[in-house]
Every structure is written in structure tokens, then in C-alpha cells.
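Given chain A, put chain B in place with the hints provided.
Protein sequences, first through last, are from chains A and B. The numbers in this note's numbering rise by one with no breaks, and the one at position 111 of the first sequence is 111. The numbers in this note's numbering rise by one with no breaks, and the one at position 253 of the second sequence is 253.
Read the hints as simulated data drawn from the structure, not as lab findings. Errors might be hidden in some of the hints.
Claimed, not checked - Heads up, simulated BS3-like pairs for lysine-lysine below, C-alpha to C-alpha not over 25 angstroms straight-line:
#1 Lys160(A) / Lys217(B)
#2 Lys244(B) / Lys192(B)
#3 Lys160(A) / Lys66(A)
#4 Lys69(B) / Lys128(A)
#5 Lys128(A) / Lys93(B)
#6 Lys244(B) / Lys233(B)
#7 Lys215(A) / Lys194(A)
#8 Lys233(B) / Lys165(A)
#9 Lys97(A) / Lys116(B)
#10 Lys97(A) / Lys30(B)
#11 Lys20(B) / Lys69(B)
#12 Lys213(B) / Lys116(B)
#13 Lys192(B) / Lys165(A)
#14 Lys96(A) / Lys244(B)
#15 Lys20(B) / Lys109(A)
#16 Lys18(B) / Lys30(B)
#17 Lys96(A) / Lys69(B)
#18 Lys233(B) / Lys69(B)
#19 Lys97(A) / Lys244(B)
#20 Lys236(A) / Lys194(A)
#21 Lys10(B) / Lys24(B)
#22 Lys24(B) / Lys128(A)
To be verified - So the derived list for chain A, only partly shown, Cβ under 8 angstroms to chain B, looks like this:
#23 Pro125
#24 Ser211
#25 Lys215
In this text the structure is predicted, and so the values were computed from the model without any measurement. No residue lacks a Cβ here, since even glycine has one placed at the ideal position from N, Cα and C.
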Amino acid sequence: MELTHEDGGEIFMKTGTLKQVLLITDGCSNKGEDPIAMAALANEQGITVNVIGVMEQDTIDEQGMKEIEGIALSGGGVSQIVYAQQLSQTVQMVTKKAMTQTLQGVVNKELQQILGSSKTMEDLPPEKRGEVMEVVDELGETVELEVLVLLDTSASMKHKLPTVKEALLDLSLSLNARSGENRYSVFVFPGKKKDVEKLMDWTPRLESLTSIFPKLSTGGITPTGPALKEAVYYFKHKRSLRSLISSDDEYFEESI
Amino acid sequence: MMNTSKSPFKINGGTVVKGKWHNKQYTILKELGYGANGTVFLADSRIGKVALKLSNNSVSITSEVNVLKSFAKVQGYSLGPSLIDVDDWVTNKGNISFYVMEYINGPDLLAFIHNKEGSWIDVLMIQLLKDLQVLHENNWVFGDLKPENLIITGPPTKIRCIDVGGTTIIGRAIKEFTEFFDRGYWGLGTRKAEPSYDLFAVAMIMLNIYYPKRFNKTEGGIKQLQTMIRQKKGLLRYEGILIKALTGKYQSAKEMRFDLLKLTNGGNTSRRKVVAGSQANISRQVKGQNLQTSNTRSKMVKKKKKAGWIESMLIIILISICYILYIYGQLT
Chain A
1 MELTHEDGGE
11 IFMKTGTLKQ
21 VLLITDGCSN
31 KGEDPIAMAA
41 LANEQGITVN
51 VIGVMEQDTI
61 DEQGMKEIEG
71 IALSGGGVSQ
81 IVYAQQLSQT
91 VQMVTKKAMT
101 QTLQGVVNKE
111 LQQILGSSKT
121 MEDLPPEKRG
131 EVMEVVDELG
141 ETVELEVLVL
151 LDTSASMKHK
161 LPTVKEALLD
171 LSLSLNARSG
181 ENRYSVFVFP
191 GKKKDVEKLM
201 DWTPRLESLT
211 SIFPKLSTGG
221 ITPTGPALKE
231 AVYYFKHKRS
241 LRSLISSDDE
251 YFEESI
Chain B
1 MMNTSKSPFK
11 INGGTVVKGK
21 WHNKQYTILK
31 ELGYGANGTV
41 FLADSRIGKV
51 ALKLSNNSVS
61 ITSEVNVLKS
71 FAKVQGYSLG
81 PSLIDVDDWV
91 TNKGNISFYV
101 MEYINGPDLL
111 AFIHNKEGSW
121 IDVLMIQLLK
131 DLQVLHENNW
141 VFGDLKPENL
151 IITGPPTKIR
161 CIDVGGTTII
171 GRAIKEFTEF
181 FDRGYWGLGT
191 RKAEPSYDLF
201 AVAMIMLNIY
211 YPKRFNKTEG
221 GIKQLQTMIR
231 QKKGLLRYEG
241 ILIKALTGKY
251 QSAKEMRFDL
261 LKLTNGGNTS
271 RRKVVAGSQA
281 NISRQVKGQN
291 LQTSNTRSKM
301 VKKKKKAGWI
311 ESMLIIILIS
321 ICYILYIYGQ
331 LT
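Pulled out of the complex, with its shape left as it was, chain A reads as follows:
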């Protein structure tokens, strides 16, 4: 866990932006690459992968549960299994928790440079810890955040999609209350022709999702691995494009 935080933290230190994939699914992948491996790959490149497993009244199968936990663990993120009704509360909680986790990793690394190799926040006396926590809180409030929503639209998810839409709007409500900037994009899998399809390009307004959602069609397969791979590619692709246009990112690094 310690290592994975550092990876997200490194990218954060370079760009001043936290990058998260939010995978919403209801079961096991059945096509393409191993999603756990793909999550590890994402994390290596500074992207945190969070997973939310949406349950029916009955429970999710054990294999699916294992996969959900595995993806979040190797993706350096947070996982949670919920009933559809509780989705809104969970989505915003998981996102915030993962942010704090990554930021704490960043701060811990800074502490190590100041205090010596093996020190983390937990090694400080409780009095000092409070001051460090204020820094983490402050960062969480002001940091730029990019969330790529990766939504499972296999047949069994179909009737949960209205709840998912509500939860995503609720997420934007929570994140937009921060003073830092947010950007969202939405991908669905399986897509109409490909494994993954882009539903919404990077935008600060997740609300625009409302008009696109009704058009969603659902498919039979669940290519979670390929979807994660595409998500990482999309993050990277975008970054290289941006660095061509402006050098804003480096500027931000200095200001931290």
C-alpha cells in the first residue's frame, strides 16, 4: 500500500493534479486482460483506481467481490460494495477517501525527506499529527482533480443506470463544493462496436451527463480489463496533448 501511494503522489507532485478512475460495476469481467493487472499498470502511472460494486438484494458472488477488492488494492484506491440505493453516499465517500489517501502519501513522503527515511505521520506524536493533517485537509480542498468514470453497462446493470446517474450528479455536487478544479469524463463498457466507448470528454460539468444517459444501450459482455487499459491510455494521451499546448503544469509544481 505504501508504495502505491507514492506513485500517485509522484504524479501529483509533477502536475498538481490527482487522477482517479472510478469503476462502477456489478460483477466479474469475462473478456480480455486481467483487470487487476490493468489496475496495477494504471497505478504505476500515477492513476488511482477506485471500484464500487453495485449489489442487488441478493449478494454479489464471491468471485466478483474478490475481483473488486483486487482491482482497488492493486490500483492504490478504495473499494466498496453497496446496494444500489446507497450508491450516492458511497460514490462521493470513496472518491474523497481515495483523495485523502493519495494526499497523505504525498505528505508522508515530504515528511520522510525532512525527518528521515522511515518516518510517516503515524510516527509523529499526536500533537504534531494535527498540524500535518491540516496540510492534508488544505490540499484536499484546493487540489485539481480528474475523475474518469468507467461504467459497466452489461445487461444486468441496465435497471441500475438511473441510480448511477443520480450518484454521479451527487458526486459532482460534493466535488464542486471544493475550491479546487474538477474535470470529469465518462466511459462505458461494453461499447456499441468496441469494448469501451467514450460517452463524455473531459469537462468541468458532469451535469451535462443527464442528456447523454438515456441513450445508453446495454450489452452482454463485461470487458473490465480492456476498459481500464483504455482509461489509462486516455489519461496519458490527454496529458501529452496538454503539455504541448501549455507549460502551466510545471508552473503549478513550483507554486506547491
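This is chain B only, laid out in the frame that chain A set:
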């Protein structure tokens, strides 16, 4: 949520929790409750009974301790528990962070209100609003206000709050909330920490009192909430105040408290009788500071009203004199 459906700590009564940094000892008596961020136990210490919160997540512990520490600096504020100790407990499964606070004992708001006459709602809400006012003036918003977090202690009867997990610096994003009491959920505002965020929750607490099982969001928005208010006779009385709070029209807890006091003290004669009766009742039972101040407040209002009357009479007399002089001038 599955992960929080069970308390993560199973600690037997009699277990001794010893702090690594301050070396203080606490003997666990029983579990009081658990939430997403940890479990609270009743414990015995050298200074008597205390509440001890254990969590695997030292981040949330530290965050809450920060809030409690800054509460300690605020004079005249006693809504939250006071902080006693912060430490780590070394176990064979690793370190567990904990903090120790004052043990606030009593029924929660809904349990207390149950079987009590309606005027108690007014008293407790007026108390709560006063504490919120002090909190807001010190740049904090409570965030996660709900009946479960409100404990009634006494005598003298006093409303206290036991969970500061949602308490946020004004201007930031609310740290923790519960959907029913969150204005964002009802589509009636942002999740930015502002005084009006807490006042919305206070209004929803009053709805919760009359709808103990709460209700689900259908159309959402003020329309649904207004319908729910109008369906309960007890709530109808507060309609004006509730709608103002739910639509963010109150800038401060003071304004809402003032309106609630006005409603309690004023109204038609039959109501005044009821209120007067209950006031006497209360002053017998509650000798809290809050009520005394609320009495002085209402006296002040009366004085103000009298002063206003004299002022307008003076103005009328002055204008009439000017007019008479003018007419007199015209005639001569």
C-alpha cells in the same frame, strides 16, 4: 454499506487501553456506538467515566481531534464534547489511534421528544441555534447535524452533539453528511460549508421529529418538503420559518432563532397561554443560561417596540408643527 455494517472492533469489557505517548490507562466498559470512522466505547479512567473513540484510520481521528481542539478555544460554546486525551494504543495487530472525550450521557433527540409536549421542540431548537451561532461565528459549520448525533443531557436540560466528523471550516466542502439532512441531496443548495447549510439541517431535524421514519425523495426540491410540512399539523405552525431555512433565506442562526423565539412568545392568545404555561414549566426544570438570555431577548424586543412607537409619534408631531407654521406663513 457492507464494510460498516459491523463494528470493526470487538473489545471485551475489562480490556485496558494504554496510550503509547501519554501513558494514560483506560478500562473499556462497553461499546456505545460505531460509525464509518471508528467505534466509541464507554471507559473508566482516573478522572471517571469517559468516551473513548478507536479507529484504524488515524487520519480521521486526527481530523476530529483538530476540530475538538479548536472548539476548546471557543468561549461559551459547549455543543460538542470536550477533548481529554489523544494517543495510540499498541496492540499485537499494530497501532490503533484513539482519542478520549467527555462522556455525554442521555437520550437522543427523538427519544427525548417522544411523549413530551411540543414546546420542548421549541426550547431545544432555540438552544441548538444559539450554539450553532457561536460555532458559525468562530468560522465552523457543524455539517452532519441529525437527531442521532444530538444528545439531551440534564437536568438542567441541554442539547449536546456527539459526533464532530462532519465539522468543516467555513468555505470548504462539507466533510461528512447524511442524505436526509443534506440540502444538496434535496436539490436545494451546494455542499459548501456555510451557516445556511446547518440551518437547512435544523429544519430537516424538525421534519424528522414529525416523521420519525423520515421519507424518501420523490420529486425533491422545496415543493416536496413543503407538501410534507403541510401534512403535519404540528409542523404547519413553523411553516414560514422552515421554508426560509430550507431555501437558504436565513444568513445566520441568530435570525432563525429570533423568528423561532417570536413564534414561541407571540401568536394568538390561546397559543400564548400554552406557551406561557410551558415556559413556567421549563423555568422550573431548566435553569440553563440559554433560557435566561432568551427571556432578556424578548424583553429587549418589547422595549424596542415601545421606543419605535414614541419615535413615530415624535415625527408626526414635528411634521404637524411644520405644516401649521407653513399654513400660518401662507395666511399672513
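Here is how each hint holds up against the structure:
1. Only pairs whose Cα atoms come within 25 angstroms are accepted, and Lys160(A) paired with Lys217(B) is accepted, the gap being roughly 17 angstroms.
2. About 18 angstroms separates the Cα atoms of Lys244(B) and Lys192(B), which keeps this hinted pair within 25 angstroms; it holds.
3. Pair hint Lys160(A) plus Lys66(A) holds up; C-alpha atoms about 21 angstroms apart against a cutoff of 25 angstroms.
4. Taken as a hint, the Lys69(B) and Lys128(A) pair is honoured in the structure, with Cα atoms around 13 angstroms apart against an allowance of 25 angstroms.
5. Simply put, Lys128(A) and Lys93(B) have alpha-carbon atoms about 24 angstroms apart, close enough for the 25 angstroms limit, and the pair holds.
6. Note on Lys244(B) and Lys233(B): the hinted pairing holds, with a Cα-Cα distance of about 18 angstroms set against a maximum of 25 angstroms.
7. Note on Lys215(A) and Lys194(A): the hinted pairing holds, with a Cα-Cα distance of about 17 angstroms set against a maximum of 25 angstroms.
8. Between the alpha carbons of Lys233(B) and Lys165(A) the distance comes to roughly 36 angstroms, so the proposed pair goes past 25 angstroms and is violated.
9. With a CA separation close to 41 angstroms, the supplied pair Lys97(A) and Lys116(B) exceeds the 25 angstroms bound.
10. With a C-alpha separation of about 29 angstroms, the suggested pair Lys97(A) and Lys30(B) falls outside the 25 angstroms cut-off, and the hint is violated.
11. Simply put, Lys20(B) and Lys69(B) have alpha-carbon atoms about 20 angstroms apart, close enough for the 25 angstroms limit, and the pair holds.
12. Between Lys213(B) and Lys116(B) the alpha-carbon distance is near 18 angstroms, which keeps this suggested pair within the 25 angstroms criterion.
13. For the hint linking Lys192(B) to Lys165(A), the alpha-carbon distance of about 22 angstroms falls within 25 angstroms, and the restraint holds.
14. Of the pairs offered as hints, the one joining Lys96(A) and Lys244(B) is violated, with about 31 angstroms between alpha carbons and a cut-off of 25 angstroms exceeded.
15. Only pairs whose Cα atoms come within 25 angstroms are accepted, and Lys20(B) paired with Lys109(A) is accepted, the gap being roughly 24 angstroms.
16. Restraint check for Lys18(B) and Lys30(B): satisfied, since their Cα atoms lie roughly 16 angstroms apart, inside the 25 angstroms limit.
17. The straight-line distance between the Cα atoms of Lys96(A) and Lys69(B) is roughly 23 angstroms, inside the 25 angstroms bound, and the hint therefore holds.
18. Simply put, Lys233(B) and Lys69(B) have alpha-carbon atoms about 42 angstroms apart, too far for the 25 angstroms limit, and the pair is violated.
19. The straight-line distance between the Cα atoms of Lys97(A) and Lys244(B) is roughly 34 angstroms, outside the 25 angstroms bound, and the hint therefore fails.
20. At most 25 angstroms may separate the alpha-carbon atoms for a hinted pair to count; Lys236(A) and Lys194(A) meet this at roughly 20 angstroms.
21. Simply put, Lys10(B) and Lys24(B) have alpha-carbon atoms about 21 angstroms apart, close enough for the 25 angstroms limit, and the pair holds.
22. For the suggested pair Lys24(B) and Lys128(A), the alpha carbons sit about 19 angstroms apart, so the restraint of at most 25 angstroms is met.
23. A least Cβ separation of about 5 angstroms between Pro125(A) and chain B falls short of the 8 angstroms threshold, and the interface hint therefore holds.
24. Here the hint on Ser211(A) is broken, as its CB sits about 18 angstroms from the closest CB of chain B, past 8 angstroms.
25. Hint on Lys215(A) is violated. Least Cβ distance to chain B is approximately 24 angstroms, over the 8 angstroms limit.
The structure fails hints 8, 9, 10, 14, 18, 19, 24 and 25 (numbered hints given earlier, in ascending order).
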